[in-house]
Each structure stands twice: as C-alpha cells, then as structure tokens.
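So the protein sequences, as listed, match chains P and D.
Counted the way this note's numbering counts, the first sequence spans residues 1 to 170.
Counted the way this note's numbering counts, the second sequence spans residues 1 to 435.
Take the hints with a grain of salt, since some may be wrong.
Said to hold, decoys possible - 25 Å max Cα-Cα, derived DSS-like pairs, lysine-lysine:
| id | chain 1 | residue 1 | chain 2 | residue 2 |
| --- | --- | --- | --- | --- |
| 1 | D | Lys198 | P | Lys66 |
| 2 | P | Lys66 | D | Lys281 |
| 3 | D | Lys76 | D | Lys359 |
| 4 | D | Lys400 | D | Lys381 |
| 5 | D | Lys198 | D | Lys281 |
| 6 | D | Lys49 | D | Lys143 |
Source of the hints: derived by calculation from the structure; they are not laboratory data.
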Amino acid sequence: MKKFTAMLIAALMLVTLFACGGDATDDNPPAGNVKTEKGFCFVSGETEIYPNDEAAAVIEALGEPKSYFEDPACAFDGVDKVYTYGGFQLRTYTIGETDYVFRVDIIDDTVATPEGLEIGADPAKITELYGEVENDGVLYKYTKGDSTFSVVVKDGAVASISYVAVLPEA
Amino acid sequence: MKKQTTKRILAAVMAACIWAGSFIFLQGLFMPKYMSEIPEGALIAEYYKETTPHDVVFVGDCEVYENFSPVTLWEKYGITSFIRGSAQQLMWQSYYLMEETLKYEKPKVFVFNVLAMQYDTPQSEAYNRLNIDGMRLSAQKIKSAKASMTEGEDLLSYVFPILRYHSRWNDIKAEDFKYIIARDKVSHNGFLMRADVKAVDSIPYVVPLADYQFGENSYKYLDMMTKLCKDNGVELILIKAPSLYPAWYDEWDEQMAQYAKENDLTYINFLSGLTTAEDGKTQVINFPSLPAVGEDGAAVSSSDMPSSDTGGEEQKAQDNGSLDFSVDTYDMGLHLNLSGAEKLTEYFGKFLSENYEFKPHTDEDLLLIWEEKVNTYNQMKADQYRELEEYGYLKSFGAKPPKEAEKELSSGDLNKSENDLSSGDLKKENTEISD
Numbered sequence: 001m002k003k004f005t006a007m008l009i010a011a012l013m014l015v016t017l018f019a020c021g022g023d024a025t026d027d028n029p030p031a032g033n034v035k036t037e038k039g040f041c042f043v044s045g046e047t048e049i050y051p052n053d054e055a056a057a058v059i060e061a062l063g064e065p066k067s068y069f070e071d072p073a074c075a076f077d078g079v080d081k082v083y084t085y086g087g088f089q090l091r092t093y094t095i096g097e098t099d100y101v102f103r104v105d106i107i108d109d110t111v112a113t114p115e116g117l118e119i120g121a122d123p124a125k126i127t128e129l130y131g132e133v134e135n136d137g138v139l140y141k142y143t144k145g146d147s148t149f150s151v152v153v154k155d156g157a158v159a160s161i162s163y164v165a166v167l168p169e170a
Numbered sequence: 001m002k003k004q005t006t007k008r009i010l011a012a013v014m015a016a017c018i019w020a021g022s023f024i025f026l027q028g029l030f031m032p033k034y035m036s037e038i039p040e041g042a043l044i045a046e047y048y049k050e051t052t053p054h055d056v057v058f059v060g061d062c063e064v065y066e067n068f069s070p071v072t073l074w075e076k077y078g079i080t081s082f083i084r085g086s087a088q089q090l091m092w093q094s095y096y097l098m099e100e101t102l103k104y105e106k107p108k109v110f111v112f113n114v115l116a117m118q119y120d121t122p123q124s125e126a127y128n129r130l131n132i133d134g135m136r137l138s139a140q141k142i143k144s145a146k147a148s149m150t151e152g153e154d155l156l157s158y159v160f161p162i163l164r165y166h167s168r169w170n171d172i173k174a175e176d177f178k179y180i181i182a183r184d185k186v187s188h189n190g191f192l193m194r195a196d197v198k199a200v201d202s203i204p205y206v207v208p209l210a211d212y213q214f215g216e217n218s219y220k221y222l223d224m225m226t227k228l229c230k231d232n233g234v235e236l237i238l239i240k241a242p243s244l245y246p247a248w249y250d251e252w253d254e255q256m257a258q259y260a261k262e263n264d265l266t267y268i269n270f271l272s273g274l275t276t277a278e279d280g281k282t283q284v285i286n287f288p289s290l291p292a293v294g295e296d297g298a299a300v301s302s303s304d305m306p307s308s309d310t311g312g313e314e315q316k317a318q319d320n321g322s323l324d325f326s327v328d329t330y331d332m333g334l335h336l337n338l339s340g341a342e343k344l345t346e347y348f349g350k351f352l353s354e355n356y357e358f359k360p361h362t363d364e365d366l367l368l369i370w371e372e373k374v375n376t377y378n379q380m381k382a383d384q385y386r387e388l389e390e391y392g393y394l395k396s397f398g399a400k401p402p403k404e405a406e407k408e409l410s411s412g413d414l415n416k417s418e419n420d421l422s423s424g425d426l427k428k429e430n431t432e433i434s435d
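Chain P on its own, in the form it takes in the complex (with noise of 0.2 Å):
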C-alpha cells in the first residue's frame, strides 16, 4: 500500500511539473492582421499600396513584375517573396495562407512618393514634405498607424525612401 501511494505521489509529481511548466511564448499565430489606422501609402499609377496590406490584390493590379525573387527562411518554411517592379520593389510576408505587403523600397528616380519625393532629392525637401522629425542628418524616419516611412540621406542626397510594415504581434 505505501509503495502504492510512493507511486501516486511520484506520478501526482509528473503531472505537476508538467501542468506548471507552461509554454514559454503564446503559441497562438495571430488569425489575420487586423488594422486600426491606415498608414503610409505609396501609389503606383492607380495602385494604393499600403504596408500590411494584404498582397494579393496588390500584385494583380501591379501586372508582371520585371523580376521576382523567393527569399526562404533558413529551416523553416516560411518565404517571404520579393517583387520588382519599375522604380520600386515590394516585399510580403505571410501569415498563415496569407501574403501580406511588407515593405516597399524605391530603388531609383523614375517613380517618386505620392507627395513628390525622389532618390537624389535635396535632404530639406524631406522635412518641407513631411513636417519636422527626430533625425540624425541621415536617418528621417515617421510613423504613423501601422506604417513606418523612412528615408536615408547619404552624400547630401536622399539615398533610400521606404514603406516598412510594422508587424502585428506575433
């Protein structure tokens, strides 16, 4: 009998530990990416492509892009697919079945932002477009809703203007 209950409690320890082990991070993927606020949007032609947006609709109404590229992560199986388009290229990342718009990076002077901003614009122009921000002289960086827009200024130029999603939390 106690070599009976040496067993129960042995095992009573067992379910214990595993019962308070718990799970180091929440194990749940979040279900879709619910937006509050709009935020930065770039335009090409009549394409409104917003950073976390879902892809899809995006990369039909864009048509053929001149190059794509699979980006897979090491081990797992997740890709994060990289379109590139004149002047632009646009990255997705996924969540579940879903692409979503991770980022757009200008690349060259053939498309500006929707307000007028271009690679090789005067560094003043950043601010006289989109009001005063905390910078450094190389890094101009705002945000708004679940956007980032950045642009980095190299050589007394703007050298790179981005749309960044801000991820949902994972």
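Go by the hints and put chain D onto chain P.
Same frame as chain P, but now just chain D:
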C-alpha cells in the same frame, strides 16, 4: 524499527527512480527529433557522435553548413573537419560552441562566418532552439541560452526542454518513439547535402542602410572569440561565405577587413571575385588567388583590396576554380548546392593546406572512420543525383515536386510555419522582417 526505516528509504529511492525514469522518457519523447523535417535542428547534437579529433572546426550559420564539405576537405587535402553550424547561429551561440568544442578537442583552426555580425541582439526563439537544444548540458549551454533568450523565454526550459515541448503531446508521431534513444545522422560532419539546382535569376535590390556600424555586442563576442583562440593557440579564420543574398555590404566588409588587420587574423570574403558572366546575366565568382598568411597569422582578402593584396592581376589570372550560380546553388544564390560546396571547399582547402601545417593522419582507426564517412557521403551523393535524374527533384530528401512547389507558391501555402512542424509549437519571427 530499523527494518522499517530501510524499507521506507528503499521505497523513496524506488519512487525517485521511477519519477526520474518517467521524466527522462517523456522528455525524450516530447523533444522534436528533426529527422524527417527540419534536419537543421539535428546538426548541433551530431558533433557528440564524433570519436576522432578534427584539424578544422567551422562555426556559424547556414552559410557554413550548406557551403563547405568536410568530406571533400578530407579527400582532397587529408584535413579532418567538422561544421558546428546551425540556422541563424548568432555570435554568442558560435562563441559558446567554440568554447565547448575546446572541452573536447583542440583543433588547429576555427573558421567563423561573419554574417552573424549584423545581429546585435537576440532574434527568435525558434532559431535559439535549433542552436541550443542540441547542446549537451554544460556551462556553455546555459550561458548560450542566457545570451540568446528573447522576451518571455525561460532559462529552465533550456535545461529541461520538456517544459517547453510538453504541449506536443497531441502531435507525437511514430518518429518520436523511433528516435527516442538515438537518432540517425542527417549530415556529413555537419554538412547538409543538397544536390538540386535552382539557378540565380535575379537578386533583389539592396536597400541602403542608415547605419552600417556593427553593434557593440557583436564586437564583444568577436573579441571573445579572438581571445579564446589566442589563449588556446588555435588559429581563427574569419570568412564571408559566397552567398549572394542576403546582402553583405561593402561597409560591413571593410569593418571585418579592418578588424582582421588589427587583430592579426585572416579574413576571406569569398564574394570578392563576384562578377557577371559574358552573357550579361549569370553571376559567377572567379576565385582570386588568396594572400599567404604572414608570420603574424594575418591575411586579408576583402572586396576593397582585390589586386595588390591578393597577389596582383597576374596571379588573378590563375585558374583557381569558380562558382557558377546557374548551376552551383539550390535556392537562387542563398546557399550553394553540392557541386558549389565541393568547388568552394577545394579552393579553401588549398589555402588551408598551403598556410597551416596539418599533420598527416596515419592512425588506422581514424583512416577507417573517414573511409566510412566517404562511402556514406558518396552513397548519398549518388542517391541524390539518381533521384534528380528519375524524378526531377529530391523525393526522399523532403523536397517537393517542382509543380507542387510552384502551386503552393501561387496559392500562398508556403508558410507552413514551425507551428505545424515537428518542432512543435515554436513561432517564427523572421528577422528579415524587421526594420
């Protein structure tokens, strides 16, 4: 009375044994096995199966375990080596693996791939697990876990992984029982073989950064690696493997070249011979002649010093081999495939053999072990080429038929995250997705 006490003690010991046995059994059962899926998770533990020492030990991320072949290094130059690599291995993880390696053996050379310098802070639990769970319990494992943990992670779960994986109870498969005690080898001394080809079509535009300076924490661990190697009389070679993507910025390259010069280390950027072939499209790396290692142990071959420091134009014209990214990669330039890895290893092996004095191996046991390794390697190589010939893809190595893969791509079904896989319920936080 005395008899009763003895009985009680025996019962308590028995209960403790049963408890410990159950604990060990369940922990073994619930731990992901990484046999049929995510073989990268099995790499770190495979080192402990080694029974003979190594001349060279590689540490680093996927750019080492996909790009170098220890069997080629052995066959061509008689150099024994092992790759202690794993996916997105961070600086501190590499450092503690080096420290741990020195508990078991003292290689002549450590080779470290510097891409990880870009990560100054912990990144993702999923990758931490691939890097740390396979380590034997040791001070290095604990320190590595402490340095790696992201918010919400619990150090105790690295010591007792069952605390993390017990929720896999409803995901247990036959594989979990089959490999509860011992697992098959998935690599060839740390090298993950992939013979298939997916040519480079285009490389994404490289976004300029606001700040190219590597972080203090990265430098701290690089300094620790340098000191560890110097204290133990091991040569440290810093490399940047020839992966075309993600980008390796010139500004990063300059920092590594500078660091190597200041610390009398060898740094080789294997991307430095990158050029476009005559067709105007194919990316090719013509391996340049590498500089000889000086008495101070230093030699630098980076993208900003291609001619004078690598021996001048005359030497560059020598045929040192090359990589052709229309045939030598299986994933559009991110990693080399088997043919690419063998070419790169042959090139690097020549540099190693010419600059470091490796003693010839004559021990019969070691020779037999390596003969077996070569046979296993050649067998898998033949199997992979046969499958490619027969099916057009690596059917028994986890790959999907090209058409199915394309279909999944177009339907967005590719992000079957690790939540769905054998690693249980880990989350992917792709560090590429960070501003």
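*Sort out which numbered hints this structure fails and list those numbers smallest first.*
Those not satisfied: there are none.
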